[in-house]
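A.B. asks: First to last, the sequence lines map onto chains A and B. Under this note's numbering, the residue at position 93 of the first sequence is numbered 93, and the numbers go up by one with no gaps. Positions in the second sequence are counted from 1; adding 1000 to them yields this note's numbering.
Treat the hints with caution; some may be incorrect.
Partial pick of chain B residues on the chain A-facing surface, computed with a CB cut under 8 Å [claimed, not checked]:
1) Leu1022
2) Ala1027
3) Met1103
4) Asp1405
5) Asn1417
6) Gln1452
7) Thr1456
8) Pro1464
Keeping only pairs whose Cα atoms sit at most 27 Å apart, straight-line, the calculated DSS-like set for lysine-lysine is [as the list claims (entries may be wrong)]:
9) Lys1026(B) - Lys375(A)
10) Lys174(A) - Lys1102(B)
11) Lys1019(B) - Lys375(A)
12) Lys1019(B) - Lys92(A)
13) Lys1055(B) - Lys1080(B)
14) Lys206(A) - Lys62(A)
15) Lys1102(B) - Lys183(A)
16) Lys174(A) - Lys1019(B)
17) Lys108(A) - Lys156(A)
Where chain B lies over chain A, by a calculated footprint (3+ residues, C-beta under 8 Å) [unchecked claim]:
18) 76 to 88
19) 131 to 138
20) 384 to 398
The set of hints was computed from the structure by calculation and includes no laboratory data. Cβ coordinates follow ideal geometry from the N, Cα and C atoms, glycine included.
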Amino acid sequence: MRKTIFTMMMTALAINFAFAGGYQVRLQGNKNTGMGLTGTALNMGSSSIFYNPGALTMMSQKLDFSLGASAILSNVTFEKSGSNYQAQTDNKPSTPFYVYGAGKINDKWVVGLGIYTPYGSASVWDDNWAGKLLIQNIALRAIFYQPTVAYKINDKIGIGAGLVYATGKVTIEKGLNYSPTSKATLEGNAASIGFNAGVYFTPTEKLAVGIDYRSKINMDVKDGDATFTLPSALYNTLPADNKFDASLPLPANLDFGVSYKASDKLLLSLELNWVMWGTYDSLKFTFKEKGELLNSSNPRLYRDSFIPRFGAQYKLNDMVCLRAGGYYDPTPTNEDYFTPETVSLNTIAFTLGLSVTPVKNLTIDLSYLQLSGMKAEKSYAPDNFSGTFKSTAAIPGLGLSYRF
Amino acid sequence: MKYKIVVIALLFVGMWACKPELNEFKASKGSADFSVYMSAGNSLTAGYADGALYKSGQQGSYANLLAKQFEQVGRQGDFKIPFVESEDGVGNRGAGLVTKMKMGFSTDCKGTTSLAPVLANPNASQAELFALLTTSVAANGPYNNIGVPGAKVAHLLAPGYGTLNPFFGRFASSATASVVSEIAAVSPTFFTLWIGNNDVLGYATSGGIGDVITPIDGPPGQGFAASYEAVLQSFGQFASSGAVANIPDITSIPFFTTVPYNAIVLTDQSIVDFINSQYAAYNQGMELVGLPYRINFSLGQNPMVIADNTIPIPDGVPIPKIRQIKSGELVLLSIPQDSLKCAYWGTAKAVADQYILTEAEIANVTAAVTAYNQVIAVAAETHNLALVDANANMKKLASGGIRVDGVTFTNAFVTGNVFSTDGVHLTPQGNALVANYFIDAINAKYNANIPQVNVTEYPAVVLP
Chain A
1 MRKTIFTMMM TALAINFAFA GGYQVRLQGN KNTGMGLTGT ALNMGSSSIF YNPGALTMMS
61 QKLDFSLGAS AILSNVTFEK SGSNYQAQTD NKPSTPFYVY GAGKINDKWV VGLGIYTPYG
121 SASVWDDNWA GKLLIQNIAL RAIFYQPTVA YKINDKIGIG AGLVYATGKV TIEKGLNYSP
181 TSKATLEGNA ASIGFNAGVY FTPTEKLAVG IDYRSKINMD VKDGDATFTL PSALYNTLPA
241 DNKFDASLPL PANLDFGVSY KASDKLLLSL ELNWVMWGTY DSLKFTFKEK GELLNSSNPR
301 LYRDSFIPRF GAQYKLNDMV CLRAGGYYDP TPTNEDYFTP ETVSLNTIAF TLGLSVTPVK
361 NLTIDLSYLQ LSGMKAEKSY APDNFSGTFK STAAIPGLGL SYRF
Chain B
1001 MKYKIVVIAL LFVGMWACKP ELNEFKASKG SADFSVYMSA GNSLTAGYAD GALYKSGQQG
1061 SYANLLAKQF EQVGRQGDFK IPFVESEDGV GNRGAGLVTK MKMGFSTDCK GTTSLAPVLA
1121 NPNASQAELF ALLTTSVAAN GPYNNIGVPG AKVAHLLAPG YGTLNPFFGR FASSATASVV
1181 SEIAAVSPTF FTLWIGNNDV LGYATSGGIG DVITPIDGPP GQGFAASYEA VLQSFGQFAS
1241 SGAVANIPDI TSIPFFTTVP YNAIVLTDQS IVDFINSQYA AYNQGMELVG LPYRINFSLG
1301 QNPMVIADNT IPIPDGVPIP KIRQIKSGEL VLLSIPQDSL KCAYWGTAKA VADQYILTEA
1361 EIANVTAAVT AYNQVIAVAA ETHNLALVDA NANMKKLASG GIRVDGVTFT NAFVTGNVFS
1421 TDGVHLTPQG NALVANYFID AINAKYNANI PQVNVTEYPA VVLP
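Please take these sequences and the hints and turn them into a complete structure.
C.D. replies: Next up, the structure:
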């Protein structure tokens, strides 16, 4: 078991993530994924470390472990404005994952640790596509490590908080107009800290309410590697190897959730996520050498987005649980500053889930998420680049949870 | 139950993981008929670039790019181009023939090596280049692209023009053919015409001394207006629709804007004093005859001393007809850089008139371009043709430039992406930009929807 977790993590680390809604990925629990990715007012075990640490206090068992991963199979099609030119991304499947463990110290206190991947982005366009001077490919991945404590104030209210240590890696390639094969490759790492805190409240036996706040984390790349592939004549002007600084914000989230046990078998969940994308104003690159030629400030002008979600769980019997859900994720991007590096469209999503408990304590969680990015004509005004985008993603997921 | 759901889930994956479909663009020919397209004009239409006519340059001409896009709106058959079967090509420079240029390294008189246009093959023999230029390819005609490097509007009407201009002679169907007489064999339904640049460019690129500006008035074959009308009528016998492009302000092309007027940089006061002492007599003489010309150098950048035969020095007075260039006047890219750097051109020696476009010459050029464009605008209206406003577009390139799909297009030499290493003709990327200007004008005029060319597919000036 330990070996499997380890192998799975190692595999996941090597692979990029795709996303919906900016570059956020909320696949942090396969049970939650099946229910429209809700979780703020749900008590689904140790995945509450991400969704709402306050809910950990209501864990039924003494110890709860869960782990899982999803495979994001995404496609974007682009058609240039005023032209029949089309391009499609060739994204490799990407695999966000999570590992959680939580245990009760006593009746009041719970501690836990979560490792998960809430942000990521991967777009692979052809090296010679029409937008090659904007982006050829981008891979962005962040891993969050979150030690967590939760405290049960009374039988109705639990609070919890975790410190987040985030590491990230970004790789960007874009073409340059100096020759057909000229390009810039930027690679950088970043690490930063933040927090995740939540309150879980059960006013009645059937009703639960949750609020969770995850802080903004700025991923500051310092001394990232910039490699310029240029005609050799230009190396007098632009060094082949350079260093760069950049900063990418991972926005704060404020989530509100309500869940209601309609019957012994049926659980309903409603949620609203406020994603504070407004913080993503521009993407700036500062280079160590030849900054006067290379430094750039690229407007993004994102705005906050509000994502309504719903989910339902039906307990067929002691062995099988069925789930379904959906949500609408409006794009945080600006109409005039939409870049093909993050093709974030207004997205409609449907989810399905299934849990099977073949033996006592062990549950297998399957989930399936279908995203449809709605067709829209967008432009990136500074480069006068415009076209219509449409995207789809199919995301099957598999998880295990073990509690005793 | 579990398996059933897994199967359903897999079905979903199969259904939805497929590529999203888009069909936003609906190509339409509107009220035009693109079935047979023919293009006429000068070197720009022929695809002349980097100082020569060569195969990939011809393939990259805006006319050939248009032909490709017109396939989406009903164009049929081959778009035949009289190819020069060579990548080094052949061009005219001064007295002799040369290959094309490319960016390379050249070492100047001071021993400094820098990135500059150099001949692709400096060892090509005149005989070899002459053969390349004069070998007839007429047998493979008739040709759809009849752009002829060097042609002025009146030339298109001239029978036997091929005997004067080998760039036409090489594909002319007979020794007595005129360019417009080639139209009948193709019988186009749609044509483009971009002509008139050379009617003023020859004057301008020779510093106002090597050629005369074509007058507006005069019979077909002489005057601009009547000749232009006659060319349109030749096309009008076959084609019901077409596009004409007007003439950009040629003084804003890199050939005229690259070398600064104040290129003389002095850093040593003793040299400044010496030069000024040499012009003391000139300045005194000018004062005596009551003319405002003075020559004065100082530390830093200085305007060149140039020859100007229009200076009204009274007969018999021994003052040379030279002066310092004014800031609005233009130095041509053809000026020998080594003479400027090492042979005291612009200081001790006046730069010859053929390398300078003076204020008066610029005014002549501007007046001619304005007059030609009036003729072209009226003709487009009369013949119900799309008008491509190359003049307005060139103004945008010269005043800050424009950005398309991340490419910045300006009138800058080499780095502006529009103009090739000769400073006059277009890069493949510049041709793509021009093709889109044609497409925009044609779409608007004929209510058509021709897809635009993708500019990033084509290179600008390629560096070594």
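A.B. asks: Okay, which hints does this one fail, numbers in order?
C.D. replies: As far as the earlier hints go, not one is violated by this structure.
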